[in-house]
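**Student:** Spelled out from the first residue to the last, the chains are:
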Amino acid sequence: MTTSQKRAEYRMLFKQNVSGRLLVDKIVLGVVLACVIAALVPLFSILIEVFRNGLPALTAEFLTQPPGAVGSGEGGIGPAIQGTLIIIGMSSLIGVPIGIMSGIFLSEFGNNRFGRMVRFFNDVFMEFPSIVIGIFAFLLIVLLLGHFSLWAGAFALSLIMLPIVARTTEESLKMVPLTYREAGLALGLKQWVITFRIVLSAAKSGMLTGILIAVARISGETAPLIMTVLGSSQFFSGVDSPMDALPLRIWRLSLLPYDSAREQGWGAAVVLIIIIMAINIGVRYYFARKNKKGSMFSMMRAGIRK
Amino acid sequence: MASLLQAKSRRFPADKIFKIAATAAGVYILLIIGLMVFHLFSESYPIWEEEGLSFVTGSEWNAVEGREVFGAAPYILGTLVTAGLAMAIGVPLSIGIAMFISQAPKYLSGPLSMVVDLLAAIPSVIYGLWGLFVFRDIFLNWIEYPLHEAFGDSVWLFSSAPFGLDIFSASVILAIMIIPTISAVSREIMIAVPQMQKEAAYMLGATKWEMFKLSIFPYAKTGLIGAAILGLGRAVGETMAVTMLIGNATGPSAFPQTLFQPGQTMSSIIANEFIEASPASLHLPALIGIGIILLLVAIGINVVAHVLVSRMMKVKEGVINA
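Residue numbers (this note's numbering), protein chains in the order written: chain A, 1 to 306; chain B, 307 to 628.
The shape of chain B in the complex, shown without the other chains (with noise of 0.2 Å):
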């Protein structure tokens, strides 16, 4: 459709205004980016000088002058352990959430996906402040006590005395953050399985669920698998519930060990500290390149969601922006 316009546009030197300016919009997007990668590495340059890639694989944490060693690791795995832990209690809910809704009458369907949509909604700050003041009473009471009296002395997971404020009330928290989106763009992909599928599936004989198995599963894998992804580059995103209530560690401490101690996540860290970190010393530019890092990894996540997720729905491409 904009081919015929394009071709009109040379008529009037307004128009050529206009389409430069609607392309200078476009470009501002490009800009942003290119200047923020570009900040983001130059600010950050003194640390990757000094430490190197140490930086990355290093643990220790202090930001006294004279003493300054700066080590990334701990972050790096708490972020990848909450997020991987998110996913594993998120995505079946969020699968099982999208099937029931892709199958439910229209009466049922509609504001229900309203209803988990408005999880989304919700801020992260109350995320945050709810589960500081009461998901972790009774996550604490009902499921870390017991798990740890049950196992606390054979399985090393659940060995550190419970406490509330750890990996896996934060991880828990992050699950119910990433439900909508992930629940949604699979919700949209058992849609678009076209009806002929599920129709030779039933034909067949097939109850629901093995209407699912024979015609919806085969068929969404991909796209089901990009929008956890996608799930996944939310989570790692995530920072103000999840810095909350993760409890805070520094240091070697805060390597992930068990699943009832504090740790510290690449964004709750730079929460924690940015503003305390003087511009002069190492510290800036070390929570700058921790920055990066989560930039970076949250591109490469989302570049491999958005491949996954578009090649699945290009029948109804722009429908779904994920």
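Next up, chain A with everything else stripped away, as it sits in the complex (with noise of 0.2 Å):
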């Protein structure tokens, strides 16, 4: 028999042990919201001040012309911004075909040791850093023709497509269901027919997201084009000769020591954040609605940065 005392020191004991309990939950939900908020404030700064520096400089002798001399403030990026386009398009022509290829081998033939091991240097592939695949480009390419070119740089910047195309390729090849295969069989289709017509297309949307989440990622890449495509003030004059691309400008300007290169770096730096926010956004954006569940989306959280 428990007296009313008793039960009254019991409940003051409950009450002491869950109010403690409960106060460290909270301390621990404040840290936790403190962490996000730590974590969108430089996103937050970044974008208002790329865009409050910025904005003022686009005029359309900027976003077109050559650059100026140095520190004149004259000028453009115009062959940067030519340059960052023609180099997505080449470096796209290599790396996407060959990812592509890469998945298909990964989901349709990958099923067995050797299959495993090419997903597994792939993954590695991935988070190679940039730097060293440049170096690569630059040995393999600029070494051997004695010039910097669009070329090596399109080449660097596709072996940093590559595995990214490749593993959501494959993927999004996994997620079409095995019936639609059979299907194709049971009509006496080749396999090359059920994968290019039947496979991929049902596969289609999983695959552009890749690819274009891949083409976000290559254009805001710097370490491989310095030592590629060096960067120039000309407009374009052939694949074989060095190129500017937006990245490389950024680079240069931001070293400069005078007010009006900063206020051109910052004027570059809108325009490439406006295509990479623009990919990225618009690809997130359509992919959430296309698909809810959206496992395809968590899986490209992990594979872009920069």
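No lab work stands behind these hints: they were computed from the structure.
Check the hints yourself; a few may be wrong.
According to the in silico footprint, chain B covers these stretches of chain A (three or more CB under 8 Å from chain B) [what the hints assert, rightly or not]:
| no. | segment |
| --- | --- |
| 1 | 103-109 |
| 2 | 114-125 |
| 3 | 219-229 |
| 4 | 243-252 |
Virtual Cβ for every residue (Gly too), placed ideally from N, Cα, C.
Each of the two chains sits in its own frame; use the hints to bring them together as a complex.
**Tutor:** Shown next, in the form of structure tokens:
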């Protein structure tokens, strides 16, 4: 028999115990919230500063003219925009087909020891420092041909795209139900017809997402471009010559000790960030609407950086 | 699913070609990696021949002809110190973010993880630009000077005069840059913990934090460590933002001694000097030698991370592309 006095004591103990634990829980929630805010502050600071400082620099002349004399504040980033677009196109031309074929290999033929090895190395390849890939392209192409060229840069960037495209292609092909393939076999189709006509078109949106994410990723890469396309202040003059690119131009401008260079740097940054954010947000919005479950979506999250 | 198709593939010669083409693309990946390691080794061979092991342990760095000495120790150490500091700052933050996102209601967790992901989409060079012109001033005035004034005389870490372009500020930028990687992977890992475990903890009357302590952390430990190591792999290879903020010291003075002192990492010295290095001298082989050390470190870190993360994620293999 518990007396009412004892009961009151128990109640108090219970209250103490629970309120203490609830307090700890609240504190942890506060700490965790602080973490989230700490990550969001730099993001918004970067976006706000880039747009605040960069937008005033955007004029027709700035976007189309080649850079003027160093420190004069004249000229623009025309060649850099052109170079970035060309280099994205060229590296996609090399990287996307090979990446898709590797993805097909991993998903359709990769269910054995060799396939697992390729998958593993592909995943490790994705994490290679991009500057090392730049050195490799330099040794393989620039040293061999004797001059810096768009080719070398496109090759380096295609190597950065390749593992991303391969892995996302594999994941989206794996999500196509087996019954689709069986239906193709039942019709007596050849396997390559099944893969290209049925499986690939069913996996189209996932693959497109992967490709666009890879494009967004390479359009911001700087390190491998330093040692491959070098940078230039001229417009396109052939795939065998050096070329400018937006990230390279931003880097060069940021190192110059002039206020005008700083303004131009912000201007180039706003162009680059608009390109990249448009691809990223567009892809995510499109994909989130199309596929509510979105396991691709979460996969992509880990695969991108920079 | 593939075996069904594999059995059929012998029927048509066209399918044979298709299979060979697909396999060739797989081989291409292995070939590129092999070629990369081979080329880096063969092109950096002169420096290994000339300096031997003292290339890794030495600290002198002189590219002037006739007095060429190359020692990579300060840069290797600089990479480890900046990456380590970035981990010390970034990992707790990322785990916190992952905890919040994994528990938050859908309408919050979706947009929030997307916003954190945008941190990963910003190019390194824009981090560098922002770091140079915005972050540096704020960090110098609000963090570095107060720290120096408070502890400068007693703690050696804070002893040299702050400048803003130093190991500390580079590490903080690096920490911001690895947050999306670590938090995304940890979030997936926390979600992969079986629901029953969480419910069991709640059934015992646990609060949310106690649920994390009782059921998520013990279960997800390996995976979380793997996520952190994955972040370390990225921090080690990161180039542009670090190059722009670390202050670029060379030679013995690049040895990290205090937080407020300019340093240099493996990737930043390559980015800074590669173009000026003449292929005829030992300078280029030395930089390529640093490149191969960097590559080996990155591969080692990533293999470990992969093993840890995939062990944890066996259930959902392929979902996490880490």
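**Student:** How does the coverage statement for the segment 103-109 of chain A fare against chain B, requiring three or more residues with Cβ below 8 Å from a Cβ of that chain?
**Tutor:** holds (count 6)
**Student:** How does the coverage statement for the segment 114-125 of chain A fare against chain B, requiring three or more residues with Cβ below 8 Å from a Cβ of that chain?
**Tutor:** holds (count 10)
**Student:** Please count how many residues of the segment 243-252 of chain A have a CB within 8 Å of a CB from chain B and say whether that reaches 3.
**Tutor:** With 3 residues closer than 8 Å to chain B, the segment 243-252 of chain A meets the three-residue bar; holds.
**Student:** Mind taking a look at whether chain B covers the segment 219-229 of chain A? Criterion is 3 or more residues with CB to CB distance under 8 Å.
**Tutor:** holds (count 7)
Checked against the numbered hints given earlier, the structure satisfies every one of them.
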